[in-house]
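Engineer: Keeping the supplied structure of chain A fixed, place chains B, C and D upon it in accordance with the hints.
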Amino acid sequence: MTRYSAWSILKNALKGNRDWTPAWRKPEPKSSYDVIIIGGGGHGLSTAFYLASVHGITNVAVIEKGYLGSGNIGRNTTIVRSNYRLTPNSQFYEKSMELWRELSHNLNYNVMFSPRGVLNLAHTPGQMDTYAERGNQMRLMGVKSELLDRDQVAKLNPGLDVSGSARFPIEGGLLQPDAGNARHDAVAWGYARAADQLGVDILENTEVTGFLKEGGRIVGVETNRGEIRAAKTGVAVAGSTGRVMKLAGVDKLPIESTVLQAFVSESIKPIIPTVTTFGAGHLYVSQSDKGGLVFGGNIDYYNSYAQRGNLPVWEEVTSELVAMFPNFARLRLLRSWGGIMDMSMDGSPIITTGPLDGMYLNAGWCYGGFKATPASGWCFAHTIANDKPHALNKDFTLDRFKEGRMIDETGRGPTPWYH
Amino acid sequence: MKRVAAPHLGTIKMRLTCPFCGERDHQEFTYRGDASATRPPMDNGSIEDHNTYVFDRTNPDGEHRELWNHTSGCRMHMVVTRNTTTHKISNCEPVGPWTKALGGKS
Amino acid sequence: MVDVPERVSPLDAVVEPGVFGANTRSLEVFLSENLCGSLVQVQAWPDTVGAVEKAVQSVTKLGVPKAPATAHSETVSIMQTGPGRWLVDSEVEGLEDKLRGKVSAKNGAVTGLTHARVLIQIKGPKAAWVLASGIAIDFDLTAFPVGTSQISHHHEIGVTIHRTGEENFDLYVFTSFARGFWHWITTASSEVGYAVS
Amino acid sequence: MSGFRLNLREGLGRAVDHDSKINFTFDGKNYSGRVGDTLASALMANGVSIVARSFKYHRPRGIFSAGSEEPNALVTVHSGARTEPNIRATELELYEGLEAKSQNRWPSVNFDVMAVNQLPGKAFSAGFYYKTFMGPSRPGHKATQFWWFCEQLIRRAAGLGKGASQADPDKYGRMNAFCDVLVVGAGAAGISAAERAASAGAKVILCDESAVAGGALLSSSELLDGALAHDWVADRLAELAENENVTVLTRTTVQSMFDDNTYLAIERLADHVKTPGKHQVRQRAWNIRCKSAVIATGAIERPIVFAGNDRPGVMLADSARRYVVEYGVSPGRAVCVFTNNDTGWLAARDMAKYGVIVEAIVDVRKDVPDAIRAAGEESRAEIFLGAAITATSGLQTLSGAQISEFSETTGEVGRKLKKIGCDCIAVSGGWSPAFHLTSQQGEKPVWDAELQAFLPGEATSSWHVAGAMAGKFGLRHAFRSGEEAAVKALAEAGLGEGESDVPRIEGDEIDYAPAPVFEINTGGKAFVDLQHDVTAEDVRLAHREGLVSVEHLKRYTTLGMATDQGKTSNMSGLAIMAEARGKPIPDVGTTRFRPPYTPTALGAIAGDAYGHLASERLTPMHDWHVAEGANMYANGPWLRPESYNRSGESVEQAYIREAATVRKGVGLVDVSTLGKIDVQGPDAAEFLNRIYSNGFAKLPVGKARYGLMLREDGMLFDDGTTWRLDENRYLMTTTTAGAGQVMEHLEYHRDVVWPDLKVALASVSDEWAGVAVAGPKSRNVLKACVNDCDVSNEGLPFMGVRQATIAGIPVWIARLSFSGEMAYEVYCGAGWGQALWDALMKAGKRFQIVPYGLEALSTLRIEKGHVAGPELNGRTTPLDLGLGGMVSSKKNFVGATLLKRDAFHEESRLQLVAIKSIDGQRIRGGSHLVKGNKDQPGQTEGNTTSTCFSPELNCYISLALLEGGNARHGEKMFATNPVRNMHVAVEVVSPHMVDPDGGRMHG
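Protein sequence lines correspond, in order, to chains A, B, C and D. Numbered per our numbering, the first sequence finishes at 419, counting up by one with no gaps. Numbered per our numbering, the second sequence finishes at 10106, counting up by one with no gaps. Numbered per our numbering, the third sequence finishes at 20197, counting up by one with no gaps. Numbered per our numbering, the fourth sequence finishes at 31003, counting up by one with no gaps.
In short, the hints are calculated from the structure, not lab data. Hints may contain errors.
As the list claims (entries may be wrong) - Restricting the straight-line Cα-Cα distance to at most 27 Å, the calculated cross-link-like pairs of lysine-lysine (BS3-like) are: (1) K394/A x K30900/D; (2) K30931/D x K394/A; (3) K10088/B x K30444/D; (4) K10088/B x K30291/D; (5) K30934/D x K144/A.
Note that the coordinates shown come from a computational prediction; the quantities given were computed from them, not determined experimentally.
Extracted from the complex, chain A is given alone in its bound form (with noise of 0.2 Å):
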């Protein structure tokens, strides 16, 4: 398997590149495996590779229902970043940004990490000290974080509506320097062809249709392609954590699931930096390396596994997007896509041992999913291999909501669709 670089690309452009290899092999599946990760997608693909290349478990399978990567992964709005409040939150999503900055070298593959900056705004004075204490939150973990008045976010995005006359002026924000986003298809191919070279058999078009149990224990799945024993069974499926968990026989869990939409504007060239939140109502924005401006918002409340929305949040992000930036109302909306979002109780993850025997459960990402990809493959191997959770996911916990331990960063409490 040849190595990516610069080299390579040219010695294989003069052979017509006729010589490049496939990404990663097709192969059949084995009859078992030590680990099976159910789920395709960033977070299972991650978790094999960290499984492979730090706990040295090479006897993993990837099973995924569709062509690799067909879930979230390809469906977000890309950014990276870990400007959170508490403190279990801003330990691990900084785990998360560690791995993103090495992750194009790690993997031999460019994941186009761009630390480009992301910029919250803060539209009331009571916002900015919000934004103050989640600053400093960052601060006290080592994080980088800098609090910005309205003339220096002015600066940073000449664009955005700074006037005294908005219906939501803006008072200044909160911006995390060396965040930024990075190329999602990009993670998830780059992850496979890692994983592939340490052993991992990634098994695309493998539909699990059920579980194997024995006395109350996971020993592995069935398949349209036949049973795959394993002695370890993770599943990582975010949106459809509802559908897979039933097949085991887990009918209610603290999670819903719901519409994400993303949206692209035509390409244009560059116009704004860094990501830019809207703080007066939720929206996100970037622009991409094509020159497409990337944003979305509220999720569609209504639980679904549509992979589709509805026009209501259209609405309520152009007009939150053109009332941040009115410039933008002449630039154009060229397509948009839902995602499904597997939304937790209190907004935070679930990266746990259990709930069955045998079994590892890695879901409730809510709105989150992409800049966790790293970390959460990290810990979720971690957990797998050692049976327990590291210091870094202790937290994220299936029983924390029972027993009173939710980690909520809107303070929005059991609604998933506020969070």
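Structural biologist: For chains B, C and D alone, kept in the frame of chain A given last:
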């Protein structure tokens, strides 16, 4: 991301039939989630029962009975039966004190 | 004993009579702001609807309508706004007390909303067109006949709409939002031109 | 290509006004066109052949199509605030003074320096970005920084046009429409569907994206009822438009289909003029809700992929024909037709008929029907059967085509036949039905082997397809399928069948089924996606690298991701991948089209919400506050006075003065924004007792009580006072921000949880204006203005509620205190709010009463340790905030059970304390509590929630949440605020800092 005073620009645009006001855009309604979650009675109810009521969700892939409130209309609550994969709505029925009175209407 | 002062509407300061917007030669929209008389909500319990209807009838001298129909006279309008719930707009003095006198807690509840709503009237050939541009209900006469009412909203602003004629609408708007609503309806009307009286 | 205007005559240039003249500029050069021209037809008429540059290699690009499927001819129109990039010249209607510019080129479209991108050629193949720029082999930031550096350069090279930098001056509108039958597309099928539906009395909306409806009829050579189709359709549309049940919307693109027959259409009202009229909206978003819909969006012609197929001059055959017939413009001096189906032959015939020189017709098929052969002969072109174009020549634009033998069965290229000089190749690779709308809803299309095309799948909701979009090609089929769809739609709308008046059609009966040839593979650079420069080789490379699923193909090569969403390229790409995989096309699948159908202005989607994000809520005293110079503070939708700054005063100086005045004298504050809910009924007491954590069953009439509301999970939800006005009637007050949620919380429990309780709930937030009068002199103020009510301590004791009149205004007075001083809340009808305020100001004058704002209000309650929004952050319980005494153990209430969970009783929880600055420094919001000094602050142990300067204690103070705070009073710590570069030495104290035993308010 902490949200401040999100402008109430609607939830979604499927069409719901309010037992009192008739068919309207979802933007007029507030979603309240899984209707199968019912509060334990006042006179008893363990911590477990309440935990189940508050945190456990069936989150089905298919038919889902869910609560909606016509907040921008008559403010009635109703149970909507909707398929979460196709978004097709098969039933909207009132809940609450007026269920009987509106039985014919729903 | 000092007299009760005049009620002040939040629109008094922003409503200026005149003609505005496009092709003002052929006006098709007419806007005006009126304070409602006294506005009272009456709520019955499921088992006392009949008694409450009687009470309302005896005070207003109007038959109590079944939604979406409304009852309408020179001095009184009655709109049903929910099951067993009516909104009574009347110039009759002390309407709230009269109704409270007739509707005991055993039968229901009486809530004064005189100050809580502002009444905006819109009429003209393009009145329905203007409303439809911001309110997501069907203003076709077959779907929204004369002498009926509907409750809806424009974005976050709730509004109760009483169709008093083919081209005439009474809009009951929340007082604290009244200026926002007025801003919208005048902006929407300016595309066709409108007169304010 | 070097196009030119033909001599216009009857039947030629049907879309343009033959003797009109319109002046416009392209890249600063002056040109003229005719009324009815598009920018594309006008440029073509002026012989402009290079109009754009491609995205990646910056190769020259010419006009490729005549409609919204255009991948190439993207231009920037207008300038300044109205600058609009990426407009398709093929749709842009020409108007006097139109300014258009080419884009993504420097210095000019004819010479673009960035074209060097072509040189590395194969190195810039699909996915090369992923394989390099990983940076030096040092881990961590270094690698990131290297890519970050490269990315800057790449971003500048990428991107098409430039967006405006100023706010868009134009207005956008919305219309909520309801109808029985929505018809999308006003071609033959759409018109026949609309007529049929209208004939049954249905309310119909008929949308067409073009300026003139008619679709293929506008250029067809058929005669309908003996008339030119172009004229026939004009008459029929005029009739339709007269029907009051029918709304015909031209320049209106139905962009997307949503659930339950809801559609979004965008009407372009002023894009065909220089600027909109003064009150005119530029575009209107139609939210259409219909009972049923007929989708008749036609089909899009697709090309055949061959080497050199991106040279300006290569275009779609039927488009070339339309430029001739509709605009009277010849696409070139010498045209060569390359086709795999009959369409190309008809194009050749019609073009030749109007004087265009057609050099050759090249068809991959060995044999064609006689009628078609005849059409070819009419065109006087040299005919090549079983042949293909295998290469093109030309410097920048097309000058010649190489014709070689070709076998449609083996796909092999044989010997060279002839090199023909031509400046236009009109190519037809068959037709792809435009099923975008139905695909948006996730309906899987089905493969039609005969048409070599995907057709829309089974309808899963109330829509029906007709015309070419349904695979029903040709006018006869179109009219018939239109009627049939209409009949189904009418049934769904609950209406009768209606009747049709189908025209008599004279003209060609042709076969639209193409030979299954998508690519002529000669190894040369053959483009699949013309805008994104995706070549057939790129597709094969993706296959080689294992990215073989359609989605991977799309994402890896960016095929079909350009502004045209692959309308003319997806099929070819799919076919080439299928060939590489050795699988039939349907097995490889097709990607789902995503809304919108064509790029849609963000302002138009926002519609009337543009510039109207959320309405402000104003209190009855709003204008007075503003007149007094108060700076208004957004509190949710409400605007509230922050402080009343006197000249030269800062906000801080003002609130300190205001708060101090309240402590020693008297002040008044507008509290109209508090949520107010009227709670009535025989079970109201029981209801409140279940909602609040503290007892409400025994609250006497004429008394108010402070209550706590919990979420069911035990967290604090809201607080406020509730007044018992009479036996069965209460007035509940909530926080300003919480009002809406509390109302829904109450309604949910009444309707869903305890439907047996007789309770009426009504929001009266807008009914009542509220004024709080606070301070030791507050009673004097009331004495001075209140009639018929004894406000003495006996007459109106603490927490008492009374009716009274002030200046003739009926009021409720409740003796409540948020400030900790003796205080009253006075409520009256909102319409009298200002009068009440004036009366209180007047009565307070001799006690030097002052108005105070939010900051002072907050200062006074912080000094008292009263909690508010910042402490009720959704993560705190009553126990955390020292309000355990208000949690009844004698009753069940919302939140009672889960509040019992162990985790909520741990001493290490964040608990409410207050802190005082001991070094005189200011404590600012958002500080964290730590043990260490500025350089090593250490771990966070808590954070401040509400901060202020306390005039009473003469130092900066703050409420805070501190781990195990209850046991830490007296401890010295630091309030650190690194983002504001502050680090303040503080002492932890009890939150009850002023008048802890409450003597003042009871006095």
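Engineer: So which hints don't hold here, by number, going up?
Structural biologist: none
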